[in-house]
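Chains as they are written, first to last, in my numbering: chain A, 81 to 881; chain B, 81 to 881.
Check each hint, because a few of them may be wrong.
Unchecked claim - In silico negatives: residues of chain A with every beta carbon more than 10 Å from chain B:
#	residue
1	G83
2	D360
3	Y462
4	F542
5	Q625
To be verified - Derived SDA-like pairs (lysine to any residue); straight-line CA-CA distance at most 20 Å:
#	chain 1	residue 1	chain 2	residue 2
6	A	K696	A	L718
7	A	K872	B	E395
8	A	K261	B	S348
9	A	K376	B	S348
10	A	K376	B	E857
11	B	K376	A	K376
12	B	K376	A	P510
13	B	K872	A	K696
14	A	K376	B	Q618
15	A	K872	B	K376
16	B	K376	A	E857
17	A	K376	B	L627
18	A	K872	B	E578
19	A	K376	B	D390
20	A	K376	B	N592
21	B	K376	A	Q625
22	B	K872	A	L615
23	A	K188	B	K188
24	B	K188	A	P510
25	B	K872	A	S617
26	A	K193	A	E169
27	A	K376	B	F620
28	A	K872	B	V614
29	B	K826	B	K188
30	B	K826	B	E395
31	A	K376	B	L626
32	A	K690	A	E857
33	B	K376	A	D628
As the list claims (entries may be wrong) - To be clear about the criterion: a stretch of chain B counts as covered by chain A if any three or more of its residues have a C-beta under 8 Å from a C-beta of chain A, and this derived list gives those stretches:
#	region
34	340-348
35	504-510
Hint data in this document are derived by calculation from the structure and do not stem from the laboratory.
Where is the CB? At the ideal position from N, CA and C, for every residue including glycine.
Number of protein chains: 2
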Amino acid sequence: MSGWKLVYTAFDPQQEALREALCTVGNGYFATRGAAPESTANEVHYPGTYISGCYNRLQTDIAGKTIENEDLVNAPNWLSLTFRIEEGEWFDLRSVEILSYHQELDIKQAIMKRTLRIRDDEARETRIEQRRLVSIEQPHLAALETIIEAENWRGVIEVSSALDGRVTNDGVERYSSLNGKHLVPLLTESIDNHTLVLQVETSQSHVHIAEAATTRFWRGDELIEVTPELEQDEDYIAHHYRLDMEPKHPVQIEKIVALFTSRDNAISESGLEARKAVTDAGRFVALAARHMLAWKLLWQRFDFDIEHADPEAEEHTELILRLHILHLLQTISPHVMDLDVGVPARGLHGEAYRGHIFWDELFIFPILNLRMPEITRALLRYRYRRLGEARRAARAAGHRGAMYPWQSGSDGREESQRLHLNPRSGNWLPDNSRLQRHINAAIVYNIWQYYEVTRDLEFLSFYGAEMILEIARFWASITTWNDTRERYEILNVMGPDEYHDAYPDAGQSGLNNNAYTNVMVVWVLQRACELREVLPSQRFDELSQLLDLSRDELTHWDEISRNMCIPFHDDDIISQFEGYESLEEFDWQGYQHKYGDIHRLDRILESENKTPNRFKVSKQADVVMLFYLFSAEELSDLFARLGYAFQHDTIPRNVDYYMRRTSHGSTLSRVVHSWVLARGNRPESWPLFMQALESDVTDVQGGTTPEGIHTGAMAGTVDLIQRCFTGIETRGDVLWLNPSLPEELKSLTLNIRYRQHVLDLHVTTTCVRVSTHPSAELPMQIGIKAETYQLKPGEMREFQL
Amino acid sequence: MSGWKLVYTAFDPQQEALREALCTVGNGYFATRGAAPESTANEVHYPGTYISGCYNRLQTDIAGKTIENEDLVNAPNWLSLTFRIEEGEWFDLRSVEILSYHQELDIKQAIMKRTLRIRDDEARETRIEQRRLVSIEQPHLAALETIIEAENWRGVIEVSSALDGRVTNDGVERYSSLNGKHLVPLLTESIDNHTLVLQVETSQSHVHIAEAATTRFWRGDELIEVTPELEQDEDYIAHHYRLDMEPKHPVQIEKIVALFTSRDNAISESGLEARKAVTDAGRFVALAARHMLAWKLLWQRFDFDIEHADPEAEEHTELILRLHILHLLQTISPHVMDLDVGVPARGLHGEAYRGHIFWDELFIFPILNLRMPEITRALLRYRYRRLGEARRAARAAGHRGAMYPWQSGSDGREESQRLHLNPRSGNWLPDNSRLQRHINAAIVYNIWQYYEVTRDLEFLSFYGAEMILEIARFWASITTWNDTRERYEILNVMGPDEYHDAYPDAGQSGLNNNAYTNVMVVWVLQRACELREVLPSQRFDELSQLLDLSRDELTHWDEISRNMCIPFHDDDIISQFEGYESLEEFDWQGYQHKYGDIHRLDRILESENKTPNRFKVSKQADVVMLFYLFSAEELSDLFARLGYAFQHDTIPRNVDYYMRRTSHGSTLSRVVHSWVLARGNRPESWPLFMQALESDVTDVQGGTTPEGIHTGAMAGTVDLIQRCFTGIETRGDVLWLNPSLPEELKSLTLNIRYRQHVLDLHVTTTCVRVSTHPSAELPMQIGIKAETYQLKPGEMREFQL
């Protein structure tokens with residue numbers, strides 16, 4: 081229970097962008113984002129605020145081709161607050177002497193704190209203290225408290241407090257040729273001596289964004305009334321206040337802002353709401369108290385406790401895991417339950433991927449399912465709302481059912497780029513990533529996992545089942561029968577490994593019989609057929625009519641699920657795709673020697689005019705994903721169904737084979753590999769876990785974290801603690817436990833929810849203790865080592881391992 | 081299974097407004113509304129479309145006071161389609177001879193049909209046939225099919241098909257001094273020979289509304305390409321097509337429209353979406369087929385079957401009940417599950433009350449709970465989203481907790497008028513209706529009923545409980561202790577009976593100890609205290625911390641719930657409020673004789689310079705509501721808890737007392753009275769049921785139906801069938817049945833949902849048969865005559881009555 085604060089004690093402009101990304105505070109409604117080093121250095125503020133669910137389409141011409149894509153836009157900057165002494169230069173960290181510096185992200189409170197002392201050219205020493213929060217309790221409010229103390233001087237300071245609508249999307253270097261300006265000014269207004277209003281709209285989607293801010297000056301409980309000068313432009317408005325400062329009489333500046341958009345529910349007009357909210361907001365300390373209380377309750381649901389052999393390692397591990405949970409809950413807080421938002425791969429903390437949604441949910445939902453599944457439900461409804469667009473995509477491609485896109489945004493259409501930039505070579509290259517149809521299996525997997533944990537039949541009936549059936553129909557429609565081998569096949573797709581998008585020298589993109597995809601499809605079709613038993617018959621009948629689903633079609637799905645092709649080579653090595661075995665082996669040592677960091681092998685090879693398509697190299701887990709998503713029992717059943725052998729050592733042999741051929745070019749890869757090694761090869765698993773853990777805090781990919789944290793990898797590391805080390809599986813009506821702690825850990829304590837139960841779990845190397853809260857109505861089933869036990873509400877049981 | 085079509089076989093301009101209100105088709109997303117007689121007469125179209133959730137605030141100066149209120153706005157009219165022959169007059173029913181006329185609302189299909197034959201001055205005979213629908217399957221689409229046949233002439237017709245943004249809110253005469261113009265034009269565009277686009281925004285709330293329409297001409301399967309002339313204004317756009325007509329070669333005009341607003345989920349920009357949707361829409365017949373299928377499935381959930389001694393009466397009764405269900409499902413269709421909308425008292429079928437939300441949910445949710453409770457859940461979340469505003473209202477009034485407003489709209493603030501017009505006297509009078517705090521008890525009642533039927537603990541935990549606790553806190557804070565009588569009291573409120581808003585000659589508004597309110601508050605406080613046992617302890621702890629709720633506060637609530645004052649007079653007649661007994665008796669016969677229809681006694685008395693406050697007169701059920709909402713057992717327990725006597729004959733004596741003093745000035749009143757008499761006085765109950773049933777179809781209030789149907793009364797009549805005649809109560813974990821058919825009925829068949837069960841019920845005068853669908857997991861409890869029985873999934877049981 082030790083690691084709660086991410087602290088930096090020196091101002092380091094080189095590291096500032098990374099720090100800002102990591103120390104961001106938000107609440108799932110709006111998040112303050114990282115800043116470019118320059119802007120942080122010379123202002124007290126941080127530019128920009130992302131708004132979830134507020135997208136803007138952009139069009140740009142690159143290499144003669146029009147790229148149409150979407151940006152998650154930056155909202156007007158509300159944090160803009162700075163000062164100067166006696167008409168001097170505005171505060172700039174680069175032009176003063178820094179006497180002390182302490183920056184701290186208090187993870188427990190979700191408050192960013194900074195304390196610094198500076199000395200300027202005229203030897204004036206000033207202390208500055210800041211606390212910043214975006215309220216998790218009142219999701220439309222954020223606040224910045226700034227204390228300025230003249231330590232050895234007296235004089236007049238001028239404080240500028242602004243709302244700034246001139247912000248652009250410019251946080252990712254390689255997007256700089258795209259249009260980053262998305263806000264059209266509507267109104268700026270000074271309401272009174274402390275209140276400003278700024279309203280803008282997004283240029284393409286016409287979402288209105290309104291901000292109202294109050295700035296007040298206090299000395300203790302005494303409000304200092306200052307009449308400001310107004311600086312007003314159509315997209316910028318500031319109050320300039322002049323205050324007399326005396327030594328040891330610090331002034332406290334409280335800036336509170338309310339943000340509403342025209343997409344908010346229960347509003348009349350966003351500008352009216354922002355004014356009302358900021359007027360009612362009260363003082364910083366009261367706002368902070370309620371914010372901290374709400375976080376305290378969230379931590380009660382999401383925290384865990386590990387006991388590590390080395391206390392320092394324990395503190396460090398817990399700190400980073402909690403940082404991950406903080407980021408996750410800021411990206412998808414309980415407030416998303418009422419918003420039409422998905423899970424952006426990079427959170428709301430940076431502009432990379434422009435806020436797009438990929439398959440990262442697959443790594444994120446398991447955490448939520450066992451802690452606050454209501455959030456998963458909301459995020460799955462985001463998918464459901466886009467079912468129509470997925471149907472349209474399938475139709476346009478000549479398929480049936482629903483084909484969800486690999487990358488998507490506001491309206492759910494395919495947003496994957498058709499070209500991408502290799503910053504190493506400067507070349508724009510064709511991008512086939514949209515061929516990753518496997519996202520359609522991940523969505524079904526996510527629905528089913530949510531259902532297994534919650535037994536939420538209402539969700540399954542009204543939303544989940546329709547998606548499952550339409551996705552199953554899509555898979556069946558792109559599956560073809562191969563008369564020669566008497567197997568069903570899926571041709572021209574991509575697996576998760578993005579290094580392989582075509583056969584070497586092939587005229588077309590796509591690969592045949594990607595093993596991961598084919599196995600997932602078998603599983604999806606089984607679930608689709610199972611719905612006939614699981615759903616209330618009334619609802620299954622309705623869906624059959626609405627979808628024009630016949631018994632024959634279900635029979636066909638069942639047929640495919642028994643005769644799908646899975647390619648093998650070298651005995652029982654599952655081929656990543658058909659033909660993988662004839663690719664060249666890659667010279668790992670040679671390239672490592674030549675380039676050092678080779679995790680983005682694709683860029684290196686392209687700059688040498690080669691392509692990873694030639695080689696047995698993977699960017700990330702592909703075949704290995706199967707051992708991550710399914711237990712050995714499930715896979716063994718599935719392979720038996722298909723008539724393929726599945727040996728005792730199939731898993732370790734395959735893991736070992738692909739481990740040696742993976743560059744971990746995705747932050748997800750180490751999570752998956754650590755997971756699949758956790759039982760069979762604990763010594764190799766832990767270091768991979770630690771590397772995955774450090775992905776963002778040390779920016780392992782060298783620059784990608786400031787462009788946005790990696791939500792999938794962050795969640796994946798927490799899930800290693802939550803499900804992998806405890807061996808939690810939810811299958812049938814049983815919560816299975818199969819704990820296996822890494823050698824480094826002595827114990828693990830966490831609480832989870834399963835259906836209507838709240839359970840406390842305590843795992844040591846020798847035993848597992850489970851107790852349930854007494855308020856549930858019915859007993860529950862837990863399973864340990866193939867035995868199941870009934871646990872009554874309020875009961876505690878201990879099992880030896 | 082007979083009554084399915086509402087048919088009119090003569091064109092009657094006098095009745096047109098009423099007919100249009102009744103024959104409206106919509107889907108809960110947008111509904112086409114009734115038209116003023118003039119406009120229907122001279123065009124083939126019907127003006128206007130309401131959009132749910134799209135409000136606009138209006139301000140007007142009346143009698144020197146500013147009235148700020150909200151309007152549910154009319155969307156641009158998409159139905160505008162008319163024609164003329166050879167440059168003659170545009171089609172006008174008043175200037176032609178009508179040879180035949182048949183208008184039919186097909187309730188089963190939710191399609192409006194009209195067939196007419198006309199002869200003009202030049203003896204040209206023309207047949208016109210129309211079908212109109214708003215798709216329940218694709219909620220953004222609507223369609224109008226028009227067939228025109230030249231029977232005895234040949235020549236050129238000019239067809240005009242428009243999108244018209246010039247619509248105003250002008251459907252209610254007495255609102256005519258308010259500003260009815262709410263749309264600001266943004267764009268009109270002709271995309272190609274058959275596609276038009278119109279975009280507008282609401283003037284205050286800045287909601288964008290986009291419509292795209294295609295108009296195509298067919299002869300059978302042959303598309304007729306016609307190049308139109310364009311008529312374009314900033315708020316109106318039309319295509320004018322010229323076609324050659326020959327006898328016996330009818331032309332079929334298909335107009336399909338897509339409507340999106342900026343508040344829709346899963347969109348990029350509303351204009352883009354509307355274009356995309358209308359492009360994909362296909363032909364009328366396919367759209368209609370899917371619309372009818374979706375309605376078929378809805379009817380499977382919502383229909384019922386009664387057997388009446390008189391087959392004609394059976395058909396008529398079923399027809400009207402189904403019309404009511406149709407209107408209900410159009411106002412709050414399954415599509416509201418994804419919209420932030422409430423239940424407007426007048427549906428989406430007219431402008432009265434401007435789309436405001438009152439307490440009508442109380443009469444509507446019971447239908448939904450037992451058929452499709454997911455809709456109730458969505459509508460209760462509408463209330464939850466406005467909890468912040470209710471807290472603000474309580475705070476502003478000096479109270480604690482949450483005080484929901486009597487009338488509300490977009491942002492949940494109080495929208496009750498402060499003045500209202502008496503059309504009889506022309507006077508604007510002060511309006512105290514906002515003192516109807518009892519709506520706060522109705523909301524708790526609704527949450528609890530939903531929970532009892534569904535056992536949806538997730539909803540209760542995340543949304544319901546917080547509302548219940550905050551409303552309980554509000555009630556406790558406006559409750560005062562009377563030292564003399566040693567009872568708690570609630571002063572200065574109004575009960576449901578709107579004829580009484582103050583004591584005669586009192587300087588202030590409000591009444592003391594309204595019995596209905598006080599009893600409801602006792603019940604609410606009991607439920608709030610019960611939450612400690614019902615909620616998972618984890619969640620109750622969280623809520624206690626978030627709401628700063630102490631054990632002492634709960635104890636205080638419990639204390640109030642045992643010592644609330646209820647006023648009585650004349651032995652055990654429950655006084656409607658304290659001091660009711662000393663009011664004057666009213667001269668019912670005299671006034672009936674003088675005025676005939678006296679259901680709006682308030683207006684009559686005011687025009688005589690009197691006030692109903694002086695008299696023992698009620699507009700509607702007030703005390704009697706208690707017997708509607710609670711069973712005798714529940715009330716008996718509740719009175720015992722308070723230490724008041726509750727005799728065997730308390731209910732009939734009170735019902736009788738107030739029956740004789742009620743004018744039924746609200747359409748809800750007869751529903752309630754029929755209900756409470758259904759057991760004790762069946763002969764009087766049935767006529768009241770029939771009168772309630774006719775409320776809208778015969779416009780009993782003389783003109784209010786064209787201003788909007790009465791959703792509460794419509795639902796209430798269906799609920800008389802569903803819960804009153806079957807005696808369904810959901811208490812504890814038991815579904816209680818206590819059937820008592822009216823003498824006129826021989827049997828009643830319906831299917832309902834209870835928790836995870838689907839049940840078929842068949843009730844006759846002598847027995848009740850219950851069977852459950854086999855797909856549920858657990859057995860359920862049913863209760864008949866104080867005995868409970870377990871019913872296994874798939875089981876059928878019959879009980880003698």
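Item to check | Contradicted hints - numbers only | outcome: Numbers 2, 3, 4, 5, 6, 7, 9, 10, 11, 12, 13, 15, 16, 18, 19, 20, 23, 24, 26, 29, 32 and 35 - these are the hints that the structure violates, sorted from lowest upward.
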